[in-house]
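Chemist: What follows is the residue order along each chain.
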Amino acid sequence: MKNSIKVISLVGACLVSLLGTSCGNRKKDGPLVIWHDKEEGVIDVLSDAISSKLPDVEFEFIRKENLTETLKLVGNDPSSAPDMYIFAHDKIGLFDTIGILEPMENIIDLSLLDNYNDLTISSLSYNDRLLGVPLYYETLLFMYNKEKMKEDEVPETTEELYTYMQENYSGRRYGFVEQHSTAYYSAGWINGFGGVILHDNGTPGLNDPKTIEALKYHKKFIEYMPKGTQDYATVNTLFTEKSADSIFAGPWLVTSAKENNIDLGFAEMPLIPETNKRVSPFCGVQGIQVLKVAVEDPSRKELISDFLEALIDPQVGADLALLSGCAPANNESYELDEIKNNELVNAIKMSAESATVMPSMPEMDVMWTVLGNLLTEINMNDADVESACNEAQKEAETLIANMR
Amino acid sequence: MSELARRKLKKNARPYLYSGLSLLLIFLIVVFPIIYTLYISFTNMNLYHWYDFTFIGFQNYLTALFSFDSGFLTSLGITILWTLVNMVIQLVIAYCIALLLNSKFLKFGKFYKTLLMIPWAIPGYVSILLWKTGMFNYQFGLITKWFNDLGIVIDDLLSNSVSAFICCTVVNLWLALPYMIMIIDGALQAIDRSFYESAEIEGCGRLRKNISITIPLIKPIIGPAVLITTFTTFKQFDIIYLLTKQPVNTGANISTIITYAYENAFITSNYGYSSAVSIIIFILLVIFSALTNQNVKRKNSYGEE
Numbered sequence: 001m002k003n004s005i006k007v008i009s010l011v012g013a014c015l016v017s018l019l020g021t022s023c024g025n026r027k028k029d030g031p032l033v034i035w036h037d038k039e040e041g042v043i044d045v046l047s048d049a050i051s052s053k054l055p056d057v058e059f060e061f062i063r064k065e066n067l068t069e070t071l072k073l074v075g076n077d078p079s080s081a082p083d084m085y086i087f088a089h090d091k092i093g094l095f096d097t098i099g100i101l102e103p104m105e106n107i108i109d110l111s112l113l114d115n116y117n118d119l120t121i122s123s124l125s126y127n128d129r130l131l132g133v134p135l136y137y138e139t140l141l142f143m144y145n146k147e148k149m150k151e152d153e154v155p156e157t158t159e160e161l162y163t164y165m166q167e168n169y170s171g172r173r174y175g176f177v178e179q180h181s182t183a184y185y186s187a188g189w190i191n192g193f194g195g196v197i198l199h200d201n202g203t204p205g206l207n208d209p210k211t212i213e214a215l216k217y218h219k220k221f222i223e224y225m226p227k228g229t230q231d232y233a234t235v236n237t238l239f240t241e242k243s244a245d246s247i248f249a250g251p252w253l254v255t256s257a258k259e260n261n262i263d264l265g266f267a268e269m270p271l272i273p274e275t276n277k278r279v280s281p282f283c284g285v286q287g288i289q290v291l292k293v294a295v296e297d298p299s300r301k302e303l304i305s306d307f308l309e310a311l312i313d314p315q316v317g318a319d320l321a322l323l324s325g326c327a328p329a330n331n332e333s334y335e336l337d338e339i340k341n342n343e344l345v346n347a348i349k350m351s352a353e354s355a356t357v358m359p360s361m362p363e364m365d366v367m368w369t370v371l372g373n374l375l376t377e378i379n380m381n382d383a384d385v386e387s388a389c390n391e392a393q394k395e396a397e398t399l400i401a402n403m404r
Numbered sequence: 001m002s003e004l005a006r007r008k009l010k011k012n013a014r015p016y017l018y019s020g021l022s023l024l025l026i027f028l029i030v031v032f033p034i035i036y037t038l039y040i041s042f043t044n045m046n047l048y049h050w051y052d053f054t055f056i057g058f059q060n061y062l063t064a065l066f067s068f069d070s071g072f073l074t075s076l077g078i079t080i081l082w083t084l085v086n087m088v089i090q091l092v093i094a095y096c097i098a099l100l101l102n103s104k105f106l107k108f109g110k111f112y113k114t115l116l117m118i119p120w121a122i123p124g125y126v127s128i129l130l131w132k133t134g135m136f137n138y139q140f141g142l143i144t145k146w147f148n149d150l151g152i153v154i155d156d157l158l159s160n161s162v163s164a165f166i167c168c169t170v171v172n173l174w175l176a177l178p179y180m181i182m183i184i185d186g187a188l189q190a191i192d193r194s195f196y197e198s199a200e201i202e203g204c205g206r207l208r209k210n211i212s213i214t215i216p217l218i219k220p221i222i223g224p225a226v227l228i229t230t231f232t233t234f235k236q237f238d239i240i241y242l243l244t245k246q247p248v249n250t251g252a253n254i255s256t257i258i259t260y261a262y263e264n265a266f267i268t269s270n271y272g273y274s275s276a277v278s279i280i281i282f283i284l285l286v287i288f289s290a291l292t293n294q295n296v297k298r299k300n301s302y303g304e305e
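One line per chain: the protein sequences are U and Y, in this order.
According to the working numbering, the residues represented by the first sequence are 1 to 404, in order.
According to the working numbering, the residues represented by the second sequence are 1 to 305, in order.
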């Protein structure tokens, strides 16, 4: 009987402790908590900057692997949610829709961000409110192997690129490769043509005449690319193994290209003669966002305000960008020598001049899958572009309707 | 309460008391999520009603059933075909390998058994990606290389629905065979040798011994394992999704009901709707389970009906 009582007591204690944790203190206290999914070096820069400028402020960076899903579940719970989080801008629409983000205008003086790159400010804005402080950004680059593609062969237009691809195609060697059936990588062609993936009002634009035109034009390049599925690993390996002369890739390829002794060159995205616009890839911005539950207490809000202002520092922006292989969002950082002389950072800045703000509307979650499937149908299954676009449009509309 | 009734109650309550903590855990891990999913399926919980969702009756179920177009029926057909093909091949291969492992002429049997268990020891996700990049990749995979060396030009195996289905089956067999071999091997060892000796005296050949002794005797032992594996195969997601849909859609169209539901419900972040879809699939599985269970019960105990 004694054992039975022990078991009952144990179960009871467990239940009480469970209830205790879920019904605990509803007000945030303790050190400032910042969730992130970044590498250690980036967090060290941020920690050092805060520690030196705000020595009395206690804070804790916590790495979360599944940040988006976790935040969706606990974002309005003061006892479980962080005060801030660092993440790519493309989820701010989702978090704002579920109502967990605090606009920056309520926390900091927005004029402090006057010197920030417009693209980064636009990216972190949703429904005309700035929802985070941009830290650094990245976009796709046109990279080429200088050993294979001479300076005078670097294409200025997409037609020149096409001719180069035709001339250098052998079945084992390719003039240019890209992940042609991945939405993120192919979006640049659609944007460059003036096409639309998702309109500002959240409706899909896959059957817009310009989108259809872009996909028709893009399809002709596939003939001179490698056969088979072009995923991240395959395409990058083709370039690093010197089987491909040029590539559309993110700055994350630079390290492995250099490790493989590629004499790497960067060029502007090629110009599309039909529209006289450059291929315009999406731009991804990493920023720090504040949760509503964190600023309910005015004294905590003040702490968070100081915390953010400490990060609006050109040197912090420069250090972060160099460590993560990206470009600083703060234009003042470009005055610093280490940034001024950095080829990669300047290449990203140059490419970003023709880049497009990546939509952060929640509807985009649906569009990535639908557009990916559409590209596969067109580029790999040789589907008729117009009818495939119309079908994809219907599918996207149904899925978006199902979101509500 | 009389002393006798109290004693009886104490006696009856004790097993429940001892297993109370386990039952509580099972409730929290297994039963509670199902009940909660059922509850969410009757609400409008989505991005626009994340914290303020309300009860909306069967609306999500109606949307789910009407949204499930011909694509759903095709996926259901593919799922049934996938389960049948995989289970039949799996059982035949596992049975043959287990028989060979139990052969009295076999040397280093334990070593082979250890080798055969290796796929089981590797996490499924890793195995799938290894097969995808190391074997099936069109540019760098071993299979394309072997065919190229033989002078045969093949297409990307994962871009065609039929070949992608075969590739997925191969990977599923690689992952699932160790378990089935182990179960059949255990069942074979449990058979009394005297049955075979009597059969040999009666002049039975190898095939007759297999059909009349081995298979009927191992049936009740491997029954539950077959049932579990059938369900795992039926609701398989990782292999098909990772080989043909992620990170890039390879062009093959072999959606099972789970991958179909993922692409048509879960990406919408509409939890009410997705929960309704999950409950529909759950009901399908329960029906399937009830039918199979009935069959297993009927044919239990040495195959007698």
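FYI, nobody ran anything at the bench for these hints, they're computed from the structure.
This structure is a prediction, so every number in the text was calculated from the model and none was measured.
The reader is advised that the hints may include incorrect statements.
[Stated by the list, open to error] A few chain U residues facing chain Y, derived, Cβ under 7 Å:
| no. | residue |
| --- | --- |
| 1 | T70 |
| 2 | L73 |
| 3 | V74 |
| 4 | N106 |
| 5 | G228 |
| 6 | T229 |
| 7 | T234 |
| 8 | N236 |
| 9 | P362 |
| 10 | D365 |
| 11 | T369 |
| 12 | A383 |
| 13 | D384 |
| 14 | M403 |
Cβ coordinates follow ideal geometry from the N, Cα and C atoms, glycine included.
Chemist: Need the list of violated hint numbers for this structure, in ascending order.
Modeler: 1, 2, 3, 4, 8, 12, 13
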